[in-house]
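Enquirer: Just need the whole structure built from these sequences, with the hints factored in.
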Amino acid sequence: MLGNFFRKTPLAWLQMSRQKTRLLAAIAGITFADFLMFFQLGVRDALFDSQVSPYTTLQGDLFLINRLSDNLASVKSFSRDDLYRAAGVEGVGSISPLYIGQATWRNPDNGASRQIFVYGIDPIRPAFDSPEINQNLAKLKLLNRALFDRGSLPQLGGVAKLLETDNSLAVQVNDLQIQVVGLFLLGSSFSAEGNLVTSNSTFLRLFPQRQAAEIDVGVIRLEPGANIADVQATLQATLPEKILVLTLEEFETRERIYWETGSAIGFTFGLGVAVGFLVGAVIVYQILYTDVSDHLPEYATLKAMGYSDRYLVSIIVQEALFLAILGFIPGFLLANGLYTLFKSATLLPIGMKFSRATTVLILTIIMCVGSGAIAMRKLRAADPADIF
Numbered sequence: 001m002l003g004n005f006f007r008k009t010p011l012a013w014l015q016m017s018r019q020k021t022r023l024l025a026a027i028a029g030i031t032f033a034d035f036l037m038f039f040q041l042g043v044r045d046a047l048f049d050s051q052v053s054p055y056t057t058l059q060g061d062l063f064l065i066n067r068l069s070d071n072l073a074s075v076k077s078f079s080r081d082d083l084y085r086a087a088g089v090e091g092v093g094s095i096s097p098l099y100i101g102q103a104t105w106r107n108p109d110n111g112a113s114r115q116i117f118v119y120g121i122d123p124i125r126p127a128f129d130s131p132e133i134n135q136n137l138a139k140l141k142l143l144n145r146a147l148f149d150r151g152s153l154p155q156l157g158g159v160a161k162l163l164e165t166d167n168s169l170a171v172q173v174n175d176l177q178i179q180v181v182g183l184f185l186l187g188s189s190f191s192a193e194g195n196l197v198t199s200n201s202t203f204l205r206l207f208p209q210r211q212a213a214e215i216d217v218g219v220i221r222l223e224p225g226a227n228i229a230d231v232q233a234t235l236q237a238t239l240p241e242k243i244l245v246l247t248l249e250e251f252e253t254r255e256r257i258y259w260e261t262g263s264a265i266g267f268t269f270g271l272g273v274a275v276g277f278l279v280g281a282v283i284v285y286q287i288l289y290t291d292v293s294d295h296l297p298e299y300a301t302l303k304a305m306g307y308s309d310r311y312l313v314s315i316i317v318q319e320a321l322f323l324a325i326l327g328f329i330p331g332f333l334l335a336n337g338l339y340t341l342f343k344s345a346t347l348l349p350i351g352m353k354f355s356r357a358t359t360v361l362i363l364t365i366i367m368c369v370g371s372g373a374i375a376m377r378k379l380r381a382a383d384p385a386d387i388f
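Each residue of the sequence shown is one higher than the last, beginning at 1 in UniProt numbering.
Take these hints with a grain of salt, some might be off.
Stated by the list, open to error - Now the in silico label distances, taken between C-beta atoms and shown as ranges:
1. Gly270 - Gln172: 33 to 43 Å
2. Gln177 - Gln135: 20 to 30 Å
3. Lys161 - Glu223: 27 to 37 Å
4. Met305 - Thr340: 47 to 57 Å
5. Arg22 - Ala304: 19 to 29 Å
6. Arg377 - Ile228: 51 to 61 Å
7. Gly337 - Lys76: 14 to 24 Å
8. Thr165 - Ala212: 21 to 31 Å
9. Asn227 - Glu164: 16 to 26 Å
10. Ala25 - Leu185: 39 to 49 Å
No lab work stands behind these hints: they were computed from the structure. Note that the structure is a prediction, hence the values are computed from the model and not measured. Cβ atoms here follow ideal geometry from the backbone N, Cα and C, with glycine treated the same way.
Expert: Put into structure tokens, the structure is as follows:
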């Protein structure tokens, strides 16, 4: 059956390629539509991936958060006593408190103010599984010391370059002078232009309104051999209802769902994909409808000779598939180039993914075949007697 379908390919291709200008216009239109969909989906995924990047470096099996916390940018605190209570549950090996806040950073180059994320950790029980952070824990034990994220946006200043000549750099954060004594890599995100890691003591000096007894995330590491599901269920039953006990995967998913459905970002980029799809559909419909109209006498002749509507429809479907493939390839290549430029300009983790390429290809095929199906109505209605 598939072989019979593609036996008609030469006719579909010759008919479509007869007018080169029209073919190029169709390919350009589909390329633009694919490029727009790739851009919208790529930037959306980059923003979501950047928001969950801090989770990839957390050193824990289970995490305690306030039930009202749905993302790191608006995290809600809870009592440190609840974390200490969790330490007594069977299977829990160690605990670490984590403080999170957004501070005003003063660019050391020009004095401009920017927003930066600050993570306060216990240097004795670090919450991050990062060699760059852990090898500088002794430095963080000193008050007013911090590590700077070298993946931060350039607008925060050339901190990494300045540290090449000095062991430390004096900077202003929340109008308090602190010393940057090392670097680590985490990367900027949609809500954070950069990141700092400090000790919990330095964090509380940067945020004097915060209380030491109120933490933002409780990081729990289990004993070897402990069943994570059993310990999670026990903790959830032991701790107050306002505390959620999450695995790392659940923690990441909670953040991603917020940005996908709880903010305007998911809808905005989804709308952009829909616009690209509609633009391509309209262009393909116009091309195929015009092609059918121009060749209506030839189609009518074939119908008069005994060819079925199914045969003629298969020609249009093949034309639509050809257009989908020919438009997808340059759109894919242009999107790859755009991702490279976008990543160098914003430092966001953007790149081509197989799943995204597959999604856009499927959308392109649906777009072209769907438009062809609408254009077929004129072909099906064609009566040889009316034409001749």
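Enquirer: Each hint: holds or not?
Expert: Outcome of the hint check:
{"no.": "1", "hint": "Gly270 - Gln172: 33 to 43 Å", "result": "40 Å, holds"}
{"no.": "2", "hint": "Gln177 - Gln135: 20 to 30 Å", "result": "24 Å, holds"}
{"no.": "3", "hint": "Lys161 - Glu223: 27 to 37 Å", "result": "44 Å, violated"}
{"no.": "4", "hint": "Met305 - Thr340: 47 to 57 Å", "result": "53 Å, holds"}
{"no.": "5", "hint": "Arg22 - Ala304: 19 to 29 Å", "result": "26 Å, holds"}
{"no.": "6", "hint": "Arg377 - Ile228: 51 to 61 Å", "result": "57 Å, holds"}
{"no.": "7", "hint": "Gly337 - Lys76: 14 to 24 Å", "result": "42 Å, violated"}
{"no.": "8", "hint": "Thr165 - Ala212: 21 to 31 Å", "result": "36 Å, violated"}
{"no.": "9", "hint": "Asn227 - Glu164: 16 to 26 Å", "result": "48 Å, violated"}
{"no.": "10", "hint": "Ala25 - Leu185: 39 to 49 Å", "result": "46 Å, holds"}
Checked against the numbered hints above, the structure breaks hints 3, 7, 8, 9 and satisfies the rest.
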